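Modelling step: build the complete structure from the supplied sequences, incorporating the hints.
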Amino acid sequence: MSWFFRHRGLTPYLLLAPGLAWLTAFFLIPLGFLAYQSLQSGTFDFGYSFTWELYNYWDAISRYREHLIRSFLYAGLATVIALLVAYPLTYWIAFRGGRWKNFFLLLIIAPFFVTYLIRTLAWQTILADEGTVVGVLRDLHILEPGGRLLATSTAVVAGITYNFLPFMALPLYVALEQIDPKLIEAAQDLYASRWKAFLRVTLPLSLPGVFAGTLLTFIPAAGDFINAQLLGTPKQHMVGNVIQSKFLELIDYPAAAALSFVLMAIILVGVVTYSRLLGSERLTG
Amino acid sequence: MTDLTRSELLRRAALGGAALSIPGFLAACGGDSNTAATTTAGPKELAKTLKFSNWTLYIDRDEKTKSRTLDQFKQKHGVTVQYFEDINDNATYFGKIQRPLSQGQSIDRDIVVLTDNSRFPGLLIQRGWVEKLDKSAIPNFANLQDSLKSPSFDPDREYSLPWQSGITGIASNLKLTKTPVTSVDQLLEDKKLKGKVTLLTEMADTMSVVMLANGDDPAKVDDAAFDKALKRIQSAVDSGQVRQFTGNDYTGPLSRGDLAACISWSGDVVQLTADNPNLQWNLAESGGDIWTDNMLIPKGGDAYTASTFMNFVYDPKIAAQLAVYINYVSPVKGAKEEARKLDPALADNPLIFPDEETLSKTVIFDSEALSNQDYLEKWQSLIGA
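Protein chains in written order, with the working numbering: chain B, 1 to 285; chain L, 1 to 385.
Calculated directly from the structure, the hints in this document are not laboratory data. On a predicted model such as this, the values are computed, not experimentally measured, just so you know. Mixed in with the good hints, there may be bad ones.
Calculated lysine-lysine pairs in the DSS-like style (CA-CA distance at most 25 Å, straight line) [said to hold, decoys possible]:
1. L/Lys-317 <-> L/Lys-299
2. B/Lys-235 <-> L/Lys-191
3. B/Lys-235 <-> L/Lys-336
4. B/Lys-182 <-> B/Lys-196
5. L/Lys-74 <-> L/Lys-44
6. L/Lys-378 <-> B/Lys-235
7. L/Lys-336 <-> L/Lys-231
8. L/Lys-66 <-> L/Lys-76
9. L/Lys-175 <-> L/Lys-192
10. L/Lys-135 <-> L/Lys-74
11. L/Lys-341 <-> L/Lys-76
12. L/Lys-192 <-> B/Lys-235
13. L/Lys-96 <-> L/Lys-132
14. B/Lys-235 <-> L/Lys-194
15. L/Lys-231 <-> L/Lys-66
16. L/Lys-76 <-> B/Lys-235
Listed next, the stretches of chain B that the computed footprint assigns to chain L, with coverage defined by at least 3 CB atoms under 8 Å from CB atoms of chain L [unchecked claim]:
17. 116–128
18. 249–261
19. 267–278
No residue lacks a Cβ here, since even glycine has one placed at the ideal position from N, Cα and C.
The following block contains the structure:
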């Protein structure tokens with residue numbers, strides 16, 4: 001024990017060590033290897049060699065521009081829809097849920113005890129061409145007689161939204177739940193309308209939740225390929241589908257690695273810009 | 001593994017050590033590894049277990065995961081088969097096993113099954129990632145159908161032996177199509193089927209069917225014929241006629257009625273018809289490709305035990321028992337006669353035991369085209385990546 005007291009200055013480093021070791025072994029080293037691979041040239045049949053092949057990056061961007069744009073479009077749409085769905089939902093649970101709060105939260109999370117793949121496959125059944133949902137929409141003339149939902153962009157965006165909803169809802173709930181109702185009462189005492197109290201008090205106080213929720217939804221959604229694979233057609237494929245097929249089917253590691261880095265770079269730039277705009281340091285600090 | 005006793009564990013560890021050191025010792029003694037391999041005489045020992053990776057719905061297993069064939073094998077030879085259904089498509093499985101194999105590591109399997117209309121069986125052999133069959137343990141090798149005796153990727157069948165063959169054709173859901181779809185023109189261009197058609201992700205399967213319809217020969221692919229077929233499929237994708245490219249997963253949507261027709265494999269649909277009489281499988285009028293799934297012994301697998309198993313399933317009685325259950329084409333001579341004793345109707349089913357007429361409409365896809373990088377890239381970008 002006395003050793004610890006004499007070397008108290010080491011404590012922070014000792015506390016950091018497991019996390020740092022973890023990140024180094026399972027994040028930094030693989031990332032370095034991926035960067036190395038992304039600059040290789042050659043084919044699987046003749047072997048790959050390191051040649052500073054920067055062209056891989058140009059090739060990735062120019063050939064798969066459409067897939068990249070689609071990924072960010074779908075992920076963005078899904079994030080916005082998830083926010084619009086999750087905000088009123090969690091607001092209601094946080095302020096009106098009473099003693100049922102935990103039960104309602106459980107209801108949000110319950111479907112997610114089932115694996116991702118099975119949940120997405122379930123949507124194939126829900127949106128089936130001869131299923132009830134499509135039948136009702138056809139009867140209401142929202143869909144044309146031969147229209148369908150499955151294998152369309154709508155299905156893919158809906159699938160992504162559904163699959164990432166809890167990542168939006170939980171941080172939002174935490175932020176809303178922490179708001180002291182007295183602050184809202186105070187605003188109303190000072191003659192703020194309900195709407196104004198919401199805009200000036202509740203909304204700003206919940207922004208850290210919005211920030212965390214949108215990032216937790218958007219980032220994995222941009223790299224997702226399961227929804228496009230199962231609910232879309234080749235015309236809906238996202239950049240994740242390309243990376244998946246390059247890695248596993250074409251065994252074209254350099255192209256796959258370069259594309260992964262392009263995706264990572266765009267997300268990183270996006271996130272930095274976004275956090276500057278929302279001023280996350282002030283929000284989370 | 002959980003109920004392994006300590007003594008058992010130690011014993012296995014010792015065996016493992018012996019397995020590691022004996023080949024090393026032999027290799028160190030014999031100057032020429034080839035002669036060492038062919039002169040390993042004396043009694044060979046069967047391993048306790050055989051690890052077998054295969055595709056789904058490809059052996060006679062019932063709900064309780066009991067397989068008659070595997071039980072019989074255990075009774076006869078005392079070897080327990082650990083059966084894994086972990087192969088979904090050729091490219092993905094190869095992607096999974098090529099990393100350890102390329103580093104000289106075993107993949108902990110004694111038999112894997114890959115299709116000859118992908119480039120992967122050939123690639124495994126060419127890279128030296130498979131063990132030679134122990135032909136002395138396979139007297140039933142003589143039962144192999146003549147037409148399958150010398151494939152281009154393994155002309156003397158030194159490394160591979162067929163598991164089953166199958167034919168690629170068109171499946172229809174009669175509830176939607178009324179009459180079965182039998183022509184590629186209808187499949188790709190009939191507006192009534194728009195958005196209710198899928199094709200297979202396997203290049204050889206889909207391309208063969210379309211090239212035959214174009215009047216080209218899939219057994220000898222040239223650039224012009226390839227591009228012509230590719231263009232035709234591309235325009236069917238662009239027009240929205242084709243909804244998706246699938247592996248084995250076309251079965252669900254086809255049964256549900258999301259699909260009216262799709263390019264599909266013979267045996268699957270024979271099995272599905274049992275549950276859904278609206279489904280029907282036909283060879284396209286212009287023909288389709290015939291492919292064969294091959295058993296291979298990945299490097300580090302137990303060649304003697306694996307070969308003993310192969311010999312077992314090449315017994316016509318066992319082959320017939322498998323064929324009537326899984327409904328694909330048996331590569332074993334005499335299986336048809338044995339199958340007649342088990343189920344006369346199935347023995348006359350041309351999809352399971354193809355007659356001359358059916359066979360005359362099938363081709364084997366050009367094996368060189370399978371590893372043409374240009375074709376592979378074009379195909380991959382067509383199917384959506």
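Fill in: Broken hints, by number
Hints 1, 3, 7, 15, 16 and 19 not satisfied by this model.
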